[in-house]
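Asks: One-letter residues, chain by chain:
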Amino acid sequence: MNFSAVYPDLQTLIIDDMQTQRTTLRGQLQQLQINKVDQATTAEEAIKYCKSKTYGLVLCDFNLNQKSDGQQLFEYLRDNQLLGKSCLFFMVTAENSYLSVASATEHKPDAYLLKPFTASDLSDRLNNLLEKNEALQTIEERLDRQDYAGAITHCDILVKMKSRWTMQALQIKAESLMHMGRYADAREVYAQVLAARSTVVWAQLGMAKAYKAESQFEQAKRVVQNIIDSKEGEKNIDAYDILAECLEATGDMEGAMYVMKDSAAVIPSARRQRLVAEAAYLNGDLETAKECYARLAKATSGSVNSLPQDILAQAQTLVDKGETQEAVQMLDAGMRKYPNDPAFQGVSLAVKSQALSKQGDAAGAQAALAKARGSLRRAKADFDTIALAKAEVLGGNAEAGLKLMSNVVSSDHENQRIKQLIGNVLRSTGHEDKVADIIDGATKQINSKVDEAKQLLRDGKYDESLEVIEKALRDYPDNTGVLLQAAQLNCLTLRLKKQMNFTISERVRSYLSRLEKLLPDSDRVAQMKVYFRDTTAMLNHQGSSKAP
Amino acid sequence: MNPDLAALAVHDLKNALGHLEAELVRLELNPQAQAARTARQHCVQLRQRFVHFLVLYGVESELKPHAQDESPLGLLAQLAEQSAYYGAQVPTAVVQQDLAPPFWFFDLRLVRLAMDAALDNAWRFAQSGVELSARVTDGYLVLTVDDDGPGLQNPQLHLGAVSDWSTGLGCQLGAAVARAHEHAGRFGRAELKNRPQGGARFELWLP
Numbered sequence: 002m003n004f005s006a007v008y009p010d011l012q013t014l015i016i017d018d019m020q021t022q023r024t025t026l027r028g029q030l031q032q033l034q035i036n037k038v039d040q041a042t043t044a045e046e047a048i049k050y051c052k053s054k055t056y057g058l059v060l061c062d063f064n065l066n067q068k069s070d071g072q073q074l075f076e077y078l079r080d081n082q083l084l085g086k087s088c089l090f091f092m093v094t095a096e097n098s099y100l101s102v103a104s105a106t107e108h109k110p111d112a113y114l115l116k117p118f119t120a121s122d123l124s125d126r127l128n129n130l131l132e133k134n135e136a137l138q139t140i141e142e143r144l145d146r147q148d149y150a151g152a153i154t155h156c157d158i159l160v161k162m163k164s165r166w167t168m169q170a171l172q173i174k175a176e177s178l179m180h181m182g183r184y185a186d187a188r189e190v191y192a193q194v195l196a197a198r199s200t201v202v203w204a205q206l207g208m209a210k211a212y213k214a215e216s217q218f219e220q221a222k223r224v225v226q227n228i229i230d231s232k233e234g235e236k237n238i239d240a241y242d243i244l245a246e247c248l249e250a251t252g253d254m255e256g257a258m259y260v261m262k263d264s265a266a267v268i269p270s271a272r273r274q275r276l277v278a279e280a281a282y283l284n285g286d287l288e289t290a291k292e293c294y295a296r297l298a299k300a301t302s303g304s305v306n307s308l309p310q311d312i313l314a315q316a317q318t319l320v321d322k323g324e325t326q327e328a329v330q331m332l333d334a335g336m337r338k339y340p341n342d343p344a345f346q347g348v349s350l351a352v353k354s355q356a357l358s359k360q361g362d363a364a365g366a367q368a369a370l371a372k373a374r375g376s377l378r379r380a381k382a383d384f385d386t387i388a389l390a391k392a393e394v395l396g397g398n399a400e401a402g403l404k405l406m407s408n409v410v411s412s413d414h415e416n417q418r419i420k421q422l423i424g425n426v427l428r429s430t431g432h433e434d435k436v437a438d439i440i441d442g443a444t445k446q447i448n449s450k451v452d453e454a455k456q457l458l459r460d461g462k463y464d465e466s467l468e469v470i471e472k473a474l475r476d477y478p479d480n481t482g483v484l485l486q487a488a489q490l491n492c493l494t495l496r497l498k499k500q501m502n503f504t505i506s507e508r509v510r511s512y513l514s515r516l517e518k519l520l521p522d523s524d525r526v527a528q529m530k531v532y533f534r535d536t537t538a539m540l541n542h543q544g545s546s547k548a549p
Numbered sequence: 071m072n073p074d075l076a077a078l079a080v081h082d083l084k085n086a087l088g089h090l091e092a093e094l095v096r097l098e099l100n101p102q103a104q105a106a107r108t109a110r111q112h113c114v115q116l117r118q119r120f121v122h123f124l125v126l127y128g129v130e131s132e133l134k135p136h137a138q139d140e141s142p143l144g145l146l147a148q149l150a151e152q153s154a155y156y157g158a159q160v161p162t163a164v165v166q167q168d169l170a171p172p173f174w175f176f177d178l179r180l181v182r183l184a185m186d187a188a189l190d191n192a193w194r195f196a197q198s199g200v201e202l203s204a205r206v207t208d209g210y211l212v213l214t215v216d217d218d219g220p221g222l223q224n225p226q227l228h229l230g231a232v233s234d235w236s237t238g239l240g241c242q243l244g245a246a247v248a249r250a251h252e253h254a255g256r257f258g259r260a261e262l263k264n265r266p267q268g269g270a271r272f273e274l275w276l277p
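Here the protein sequences line up with chains A and B, keeping their order. Quick note: the first sequence uses our numbering, first residue 2, plus one each step. Quick note: the second sequence uses our numbering, first residue 71, plus one each step.
Take the hints with a grain of salt, since some may be wrong.
Straight-line alpha carbon distances no greater than 30 Å define the calculated DSS-like cross-link-like pairs of lysine-lysine that follow [claimed, not checked]:
1. B:Lys-134 with A:Lys-109
2. B:Lys-134 with A:Lys-116
3. A:Lys-222 with B:Lys-134
4. B:Lys-84 with A:Lys-116
5. B:Lys-134 with A:Lys-262
6. B:Lys-134 with A:Lys-133
7. B:Lys-134 with A:Lys-236
8. A:Lys-232 with B:Lys-134
9. B:Lys-134 with A:Lys-163
Calculated directly from the structure, the hints in this document are not laboratory data.
Here chain B stands alone, though its shape is the one from the complex (with noise of 0.2 Å):
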């Protein structure tokens, strides 16, 4: 990992735990359910940053997956199940279900951190929703996150050079765990990109 991002990574998190110990201040002198549920949102929310920085961070040159058959769509029901405990303000949902493979080599618990990165930023900025789907398109499974929020204001296609993500840590994580899966010599790949309709698009492309 990068000795900068680390560094400016460590530094962000040091930030939002510092957030929530305010938080907690407030809720000590003040204690109120929906206070406790919001801190308790962004709890689960450092957590989940503190684990894709450790994945990033331990690993020395790539990481190594250990894909196995998986079904697609039980990954997306899960993370749209998961919505409400995550603290997300909109309702998310798994759309084209007739589109999606009923298994594909994957590496679960990788593919789950990007895409849990990538709905963490679409659920920051969607106004109505967040839609989740997944296909296969030159035999690439694509599993895709899509917001209605503002869109992207500089959009590049290549992840590797996005850094709209806070530190860019969701960004670097989406495209490590895309190019650690390999078939047949072509690789993976992450791409975050305007929809023509509005919103922005986390697009997750295994092979």
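Chain A with its partners taken away, still in its complex shape (with noise of 0.2 Å):
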């Protein structure tokens, strides 16, 4: 199928450091009626262009000379939502650089474009991903939509036909119903794909996602081995993903970072170490940790994907580590470089404070701590609480830390990372007697709350049980437990009074979007929506069946 009639109005962007490269491109393009061009030279100016415009074809070297390459570009315009859902990202490699490009990499473009290549090699690309996206657009409405049921429907249609698209419409058919929380069914649509072929990959990882929610951890961990162990999967990052989920759902966390690790030597990307780094730290291993934040900083230095809180984690390994000096320096060198940044300012304080008051300096420390403390606006369960607590309690004002820490815990009193972060902090700063105090100290208070807001519901009190779920919201506005809990109590609420309630239907959806930002693709999250849908469609019928 011919989809040139469309040419003509794809806004392009090419992005290639060598003149020669761009004007061929360019040529093809024209040969093809694309004549909306754009050209970038850097990857900075290429970020520049397309957040000034929507453009429907990307053509972008991988080797750009400089210190990001086309793959890390790729990635961070894909992260900073700077790519439109329908723009075709296309990456240009030499022949002998295609293998490695292609098979380590995190997130795929649209297509591989191998040098030298002709127009007509172009267009064929761009027609069999424009012919995709119409044989797939009916689908793709009604998932925009978040209409499940209705995507599968059409899936089914296209797969009766014995379409073209095919697996694509089981791929979609499986993921919808995943989304829906009917991992069985989702699993025997990946049964039925790998019946036919034992070796496609996103079955496999599909199979081992239905797995991970259903809790069957064992069997997922089997299925993302058999990937590993593949000639077609060694790279599978994914498959490196879900077995590290696994291990830590089990609660084998060294087990996990050893994973992660492995997934970093498969795509030493700076994503990759950074997660490594950050799962060494956790678990106390600060050598691991130390290194993986020192090549992270030299695989991004100059990069877009260079990150200020990468010198933040860095400098507080090397204060954990004792090597304070190197850590002032990497910190000042750092608010030089984001003055601008308060949050990054107040931080850096305070991991400066700690690392003053390690070197013996009090005076110096107490200044950094009393600044940082101004910049902190509410205690949250993060990186820049946590550090300032620790700063309080090695400055000598143990209780402000601790009180801290236990608000950190509080703040979301269902993550098992904090919780961790939180007990190195206190066993390294000689409170190891007041671990449990302060972790489940707080956790019993805040699960009493939510007990209270429970027995409240039984008693058939649904306002004050509302009432209460929402006052322990207002206190901690980013506890994924509590916001869980919500959503469930608004819904039953909803379902023991038998009655639509738009105030309360907009609050669970506010909660559900709030925890899909905190708990991005997190199986409990994707149960709640369904568990919310299923309230709403069961009012809504009881609605419509009164109606005379």
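Mind assembling these two chains? They're in different frames, but the hints should get you there.
Replies: Written as structure tokens, this is what we have:
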């Protein structure tokens, strides 16, 4: 099928540092009547273009001969939502580097173009993708509306037609079932694909995700291990991630860290190094964390992927290791680099205060701490608050530090990582005896509020129940456990009152959208969404059946 | 890759480059659109052969396919469409389209390279046309390139042993691409044989 009629409307961006290559690409695009073309020579220039315009097609050379390569740029553009949903991203690579480029990537572009290629090759790839988009358009429209049942109906039509896009339809169908919380049905679809072709990696990954969502971690681990051991999947980063998540879910934090380490060896991307460094730090393996942060700093130096948070985490690791001199230098350099980032400045001062305390410079530590306190608006379950709490404890203000740590746990009392970090801080600052008090105490305090709300609901005091849980949320607005409970109690109230209530349903919607941001890809959030959908469907059905 | 074959292939590429240089010299003295078109087509063919060589030369033991569900008919249509650009002197058509499956699992890039090489050979010998088709036989996708040329003088069914295509690079590529495709313990294969009605037939069998 030929889609050349849409070419003249295709706003296109060429990203290449070589003038000759840009001219060649531009000429090829002109042959295809693609004339709305911008050209960028660096990653930074490309980012500016993508911020100012919406592109339909991006042609990016992998080797940008700079700090950022094409893959890093692609990931940056995607992570920062600078590429529209319908934008096609083509990575241009040399023949000899194609395999290494294509196999070791976290996110794949829409197509790879191997140099040298012709206008006709480019047109073939474009036509293929546009044909696919057209064939799946009806399904995509339903997915945009989160109408998963509707999407499945249309997927079934494509499958029944024995269409060229049967596999895509089956993939979307299984993913829709996963969204609906119908994990066993999703597994059935994946099994159907694997029966036809046992090596289809997306189906194996889907199967593992479905097992994981059902807490069948051993089965999930077996499936992903098979992928990693296979020729096709040895560099499949998703498989490593699922394996690490399963290990973490079963309490094997150290095992999870080693899997992350393996994954960073497979794909030595900035994001991977960051994940390993974080996992190592969490496990108290400061030597590995230090190594990984150093590698990360080297890899991202001057690149679009460099993050201010990396400097803070690296400096904190050095302070914990007792290498305070180096940490202070790093923080001072960071504060000069990001002078207009107040949050960065505040946390830098908190970490610097810790370093100065360790060096015996009490006055310097207090001065830094005083400024750091001023920048913290509200205690949260995050790195920033923990850094300040630690600075307080090391600066001799144990009571203030311990209170902050208790608030950190209360802010997200089901977050195992945060609890582990707080445990590490308490142990390393000589307060090992308070681990149980602080962590369990804060957890108990929140749980008692949740229990009180549940009891009120059981007693038929629906509005009072909601008042209690809303109060807990006002105190700790980012507490994911409380948010989930609040969503559930609100749904239960709707069900028990057997009446649709706009205020309550909007409230649940806002909780779910906050949860999606705080816990992306969480199975628990997905299940709560299903529960809410079922609740509204049930009440709407009751409402309509009551109508005369 | 066999070092003798590699040396032979490079030698052949060097000669082809020499021919192209001579064409360009003639063109410089006497610029003509038709001659420029022919030189460009030779340049395209030469580039293709370089790519084929690099695919085989670049791998240490075997090709690693990334098989995905692809449209066999889509591939054949694209191959037929490009025939003029690649300098085919005879028409190329996709036939028996109803026999083709809607999709099959293969590495589009590798299979396309193998088919390019087979087509290049077919165009060289065809008298009046080349036909492309796809069908399923015994659980294999069979991609076929038929020409109506003189056929093979010394037909051998297994491509690894055939060395009719210039240096044999095309044959080796077809065989390597086919072999790299495996499904449920079955491997692909490439065959080159005479057609009963005359002409040669290349078949790429993919499990």
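Asks: Indicate, hint by hint, whether the structure satisfies it.
Replies: For each hint, the structure was consulted:
no.: 1; hint: B:Lys-134 with A:Lys-109; result: 18 Å, holds
no.: 2; hint: B:Lys-134 with A:Lys-116; result: 19 Å, holds
no.: 3; hint: A:Lys-222 with B:Lys-134; result: 25 Å, holds
no.: 4; hint: B:Lys-84 with A:Lys-116; result: 20 Å, holds
no.: 5; hint: B:Lys-134 with A:Lys-262; result: 25 Å, holds
no.: 6; hint: B:Lys-134 with A:Lys-133; result: 26 Å, holds
no.: 7; hint: B:Lys-134 with A:Lys-236; result: 13 Å, holds
no.: 8; hint: A:Lys-232 with B:Lys-134; result: 8 Å, holds
no.: 9; hint: B:Lys-134 with A:Lys-163; result: 29 Å, holds
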